[in-house]
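For reference, the chains in residue letters:
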Amino acid sequence: MPLHRLHEDFRIGGARVSEIAGLSYVGPLRMSQIDMSAAAITARLKLVSQLRRLCLSLGTAKVDPRPLETNENVKNKGQQKLKKESK
Amino acid sequence: MAAQAQIQCVVNSEPATLYAYPMERLLDVLREQLRLTGSKEGCGEGECGACSVMIDGQIVNSCLVPAVQVEGCSIKTIEGLALDGHQLHDVQQAFIECGGAQCGICTPGMIMAAVNLLEKTPNPNESEIRDGLAGNLCRCTGYMKIFESVARACQK
Numbered sequence: 169m170p171l172h173r174l175h176e177d178f179r180i181g182g183a184r185v186s187e188i189a190g191l192s193y194v195g196p197l198r199m200s201q202i203d204m205s206a207a208a209i210t211a212r213l214k215l216v217s218q219l220r221r222l223c224l225s226l227g228t229a230k231v232d233p234r235p236l237e238t239n240e241n242v243k244n245k246g247q248q249k250l251k252k253e254s255k
Numbered sequence: 024m025a026a027q028a029q030i031q032c033v034v035n036s037e038p039a040t041l042y043a044y045p046m047e048r049l050l051d052v053l054r055e056q057l058r059l060t061g062s063k064e065g066c067g068e069g070e071c072g073a074c075s076v077m078i079d080g081q082i083v084n085s086c087l088v089p090a091v092q093v094e095g096c097s098i099k100t101i102e103g104l105a106l107d108g109h110q111l112h113d114v115q116q117a118f119i120e121c122g123g124a125q126c127g128i129c130t131p132g133m134i135m136a137a138v139n140l141l142e143k144t145p146n147p148n149e150s151e152i153r154d155g156l157a158g159n160l161c162r163c164t165g166y167m168k169i170f171e172s173v174a175r176a177c178q179k
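Here the protein sequences come in this chain order: X and U.
End of the first sequence = 255 in the numbering used here, gap-free, step of one.
End of the second sequence = 179 in the numbering used here, gap-free, step of one.
Only part of the chain X face toward chain U is listed, based on derived beta-carbon distances under 8 Å:
no. : residue
1   : T210
2   : R212
3   : V216
4   : S217
Everything labelled a hint here was simulated from the structure, so no lab data went into it.
Here a beta-carbon is modelled for each residue, glycine too, at the ideal position from N, C-alpha and C.
Please model the complete structure; the sequences and the hints are all you need to start from.
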């Protein structure tokens, strides 16, 4: 199926291509406003590849068991330091 | 979230029904649903050609083809090349005889590109072989053996 046939009324297996292409989130935007050119779809698929690779690497990543330094922790440490100094 | 689309197509001369999410890559559908793991993922960006398959006789990088695009198409992968499932294709046999495969990651894509080249140009010269395989990268850099393999396949 050539890419230029991926328009609003084209259906595959009973579903609209706009739904298949994951464009339902665009709300009131019409398909004609979405770039469905071969270059745009290629760019999206490259992002899919990168995202997939990222997810796979996160799945096998070793997590550092040390607790993360959150803003709250940093703030508490600063307050404790000030208290010690005032004493 | 959008639902999976049902896709009817022919894979290696067998009718197949595939289910794919939006923007799912043909490579993933072939490998994960049909378990056709001969096509490899190299770069995932259409640069290396390790994922090459044929759609209606055209060689494509399956990592850059949305699965929904193959509705009604005929797909051929490396698994579908061997005749009757056991007799190797001439190109496959030539790769074995000439040592065209090293680590093997690029080999399925190289063979698909070579088969596509020979279908269009039955007796290619060296320049045409180089052009025909220009879209496929070999990280082992064993290009000379690969070119020899394609030339050997022409003689069969």
